[in-house]
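K.L.:
Same order as they appear, the protein sequences are chains A and B. Counted from 1, the first sequence has number 68 at position 69 by numbering that gives the first Met the number 0; the numbering is strictly sequential. Counted from 1, the second sequence has number 7 at position 8 by numbering that gives the first Met the number 0; the numbering is strictly sequential.
No wet-lab data here; the hints were simulated from the structure. We put the beta carbon where it would ideally sit given N, CA and C, even for glycine. Be a bit skeptical, because a hint or two may be false.
What the hints assert, rightly or not - So the derived label-pair ranges between C-beta atoms look like this:
| id | chain 1 | residue 1 | chain 2 | residue 2 | range |
| --- | --- | --- | --- | --- | --- |
| 1 | B | Glu123 | A | Asp102 | 30 to 36 Å |
| 2 | A | Arg49 | B | Asp177 | 40 to 46 Å |
| 3 | B | Glu126 | A | Glu39 | 48 to 54 Å |
| 4 | B | Arg163 | A | Val42 | 55 to 61 Å |
| 5 | B | Pro149 | A | Asp102 | 38 to 44 Å |
| 6 | B | His193 | A | Arg92 | 27 to 33 Å |
| 7 | B | Asp154 | A | His26 | 41 to 47 Å |
| 8 | B | Gln53 | A | Arg49 | 31 to 37 Å |
Claimed, not checked - Chain B stretches covered by chain A per the calculated footprint, using a threshold of three residues with CB under 8 Å from any CB of chain A:
| id | region |
| --- | --- |
| 9 | 11-24 |
| 10 | 40-47 |
| 11 | 105-117 |
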Amino acid sequence: MTGGRHSRRLVPAYLATGGRAHPSRNHLDRLTTLHAACEEIPVGLGPEQRGVLELIQPGALPLVDAAAYLRLPVSIVKVLVADLVSAGLLHARPPIPQATGPDIETMEKVLDGLRALKS
Amino acid sequence: MDSARSSPDPRYLTGNDPVLIKLLIAGPFAVGKTTLIRAISEIAPLHTEEVMTQAGAFVDNLAEAEHKTTTTVAIDFGRLTLPNNLVLYLFGTPGQRRFRLLWEDIAQGALGALVMVDTRRLDESFEVMDLIEEAGLRYAVAVNAFPQAPTYDLDTLRDHLDLRPDTPLVLCDARSRDQSLDALIALVEHVIAHTHLEPA
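Work out the full structure: start from the sequences and follow the hints.
P.N.:
Quick look at the structure:
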């Protein structure tokens with residue numbers, strides 16, 4: 000209960016999206032993977048949108064990791080990501096196991112992987 | 000005391016578009032969720048702060064935030080890379096029903112849930128198990144063996160917790176990586192067994 004939890008944001012979370020209520024893409028998940036879709040970040044973006052693009056410029060991150068590093072709620076980051084995807088500045092890849100969850104082959108591989116970690 | 004400090008250096012995904020698998024580590028406050036995540040995760044646990052209305056709805060617009068008192072819920076998570084281009088994500092999930100929307104958002108597409116139990120507060124785990132069942136997830140139960148907590152044999156605990164006979168129930172010191180891995184293995188075995196029995 001220490002550390003980052005008490006740090007203050009410069010912009011309140013609800014202002015970071017310009018006050019819009021809902022993401023235009025409701026399919027975004029916490030584990031949607033974000034990839035950069037632009038080599039240079041265009042001027043004129045809001046600081047929060049720029050923050051997302053700067054964060055993922057060096058490599059891919061799940062949406063939830065981006066929210067943690069940016070210290071923004073997941074619900075806010077979903078709105079930012081939806082806008083950036085619409086603008087063609089960001090790729091968002093849904094997690095392979097969709098709403099139904101992973102298939103049996105994947106689960107068997109998870110099991111094998113966990114067993115192999117036992118010392 | 001658990002603390003989840005955000006690392007300043009992002010840990011980017013490696014591999015070729017890895018498959019991300021969600022697991023829930025669910026349980027009441029201070030039951031050891033973050034301790035278990037820390038024991039298993041390859042990164043220092045991160046957290047998000049979810050802002051919600053008192054009614055449990057996500058806050059993402061100005062009008063709502065101005066007119067209602069909001070609650071911030073911290074959700075800790077960790078990551079574990081496995082062979083075969085798989086990455087496990089472990090989400091520490093609070094048990095309260097008033098955060099139900101948040102719950103459903105995290106549970107979406109999850110492989111299953113590990114419910115953590117403190118033998119001094121068994122009743123606090125009932126709400127958690129109800130929420131998991133309503134979300135349609137399979138679960139296993141891990142009793143975090145706190146030194147000062149009373150010990151019961153597993154049959155007595157199973158009885159008190161009113162578990163189905165096939166629901167895995169394991170003892171687990173959440174500080175131990177090996178024991179925590181065993182608890183996850185019991186969970187995944189259980190989910191696989193039932194997926195074989197009940198093909199989609």
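K.L.:
Now, for every hint given, state plainly whether the structure supports it.
P.N.:
Tested hints:
no., hint, verdict
1, Glu123/B - Asp102/A: 30 to 36 Å, "34 Å, holds"
2, Arg49/A - Asp177/B: 40 to 46 Å, "44 Å, holds"
3, Glu126/B - Glu39/A: 48 to 54 Å, "50 Å, holds"
4, Arg163/B - Val42/A: 55 to 61 Å, "59 Å, holds"
5, Pro149/B - Asp102/A: 38 to 44 Å, "41 Å, holds"
6, His193/B - Arg92/A: 27 to 33 Å, "29 Å, holds"
7, Asp154/B - His26/A: 41 to 47 Å, "45 Å, holds"
8, Gln53/B - Arg49/A: 31 to 37 Å, "33 Å, holds"
9, 11-24, "holds (count 7)"
10, 40-47, "holds (count 3)"
11, 105-117, "holds (count 5)"
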